[in-house]
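Letter by letter, the sequence shown follows residues 1 to 262 of the UniProt record's numbering.
Worth flagging that the hints you see were computed from the coordinates, not collected in a lab.
Check before you lean on any hint, since a few could be wrong.
Derived lysine to any residue pairs resembling SDA-like cross-links, with alpha carbons at most 20 Å apart [said to hold, decoys possible]:
#: 1; residue 1: K231; residue 2: S132
#: 2; residue 1: K231; residue 2: E95
#: 3; residue 1: K231; residue 2: G133
#: 4; residue 1: K231; residue 2: A242
#: 5; residue 1: K231; residue 2: V215
#: 6; residue 1: K231; residue 2: R134
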Amino acid sequence: MTQATVGHICPECIKEQKKNRTPAQKRAARRWGRGSVAAVSYGAGGSRVTTTIFIVTAVLYLLQMLGRVVPGLDVQGWLLFWAPYLYPGITGTFEPWRILTAAFVHAGLWHVGLNMLTLWMVGRSLEPLLGSGRFLATYLLSAAGGSLGVALFGFSTPVVGASGAVFGLFGALLVIGRSLGAQLTGLYIVLGINLVLGFIPGFNIAWQAHVGGLVIGALVGFIFTRTRRPKQRTLQIALLSAVGVGIAALFFLPPFGLALSL
């Protein structure tokens, strides 16, 4: 045993722990730091943003319920995404915040419950790997990607829910997990089932948001795997900013940009 400021350290125990690491844990430690070993194994670690998103979404859902008995309190109506709200030529209004705010309101208890359960499960694995700032960027960019998917393939459909953002977390986790050499079979199965459900008539699921969020999340995850080093931080920020600008630009390219001149 060796005396340390935090107590006693057992060098033999540490060697044994390192020896027993799985290939995924070893890759995580090499590429993402020692903290990623616990994250890959147990989904443990800091999850402040995950918790904050969970709380904010829950509070907004309670306000939605309160709006059923309080006249004028239409939280869902204020925050839902409907693509025509982006084009003054169609609606006479311009409300771009809805691109993101729709991810924080939901259509019912099952809707919010399933999304928040998934957020909690995925977030507690992904946020410790990325850090809070990168995790928040992934969530918001994926939410915007979900709204973009709806604008492109369901222009007149109003939508609410965190599904696009959550699918983006799935996409990022898949890409990063592959980079770490993690076992992802279970994640592929869960993701595949949820994607298929979105295309089944009668389920009233916005598959466009799922696909849009998944694509953007995977792209963000790819950026993270290619800009892991501290000296690449500026490049990472630039690439993430480019993704955000690209999403915003796509909302106003033809045919949708033509609506501005109507």
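The hints, checked one at a time:
Taking the CA atoms of K231 and S132, the gap is near 19 Å; set against the 20 Å cutoff, the hint holds. Taken as a hint, the K231 and E95 pair is broken in the structure, with Cα atoms around 38 Å apart against an allowance of 20 Å. Taking the CA atoms of K231 and G133, the gap is near 17 Å; set against the 20 Å cutoff, the hint holds. Distance restraint check for K231 and A242: the Cα-Cα separation of roughly 19 Å lies within the 20 Å cut-off, and the hinted pair is therefore satisfied.
With a CA separation close to 27 Å, the supplied pair K231 and V215 exceeds the 20 Å bound. Distance restraint check for K231 and R134: the Cα-Cα separation of roughly 16 Å lies within the 20 Å cut-off, and the hinted pair is therefore satisfied.
Checked against the numbered hints above, the structure violates hints 2, 5; every other hint is satisfied.
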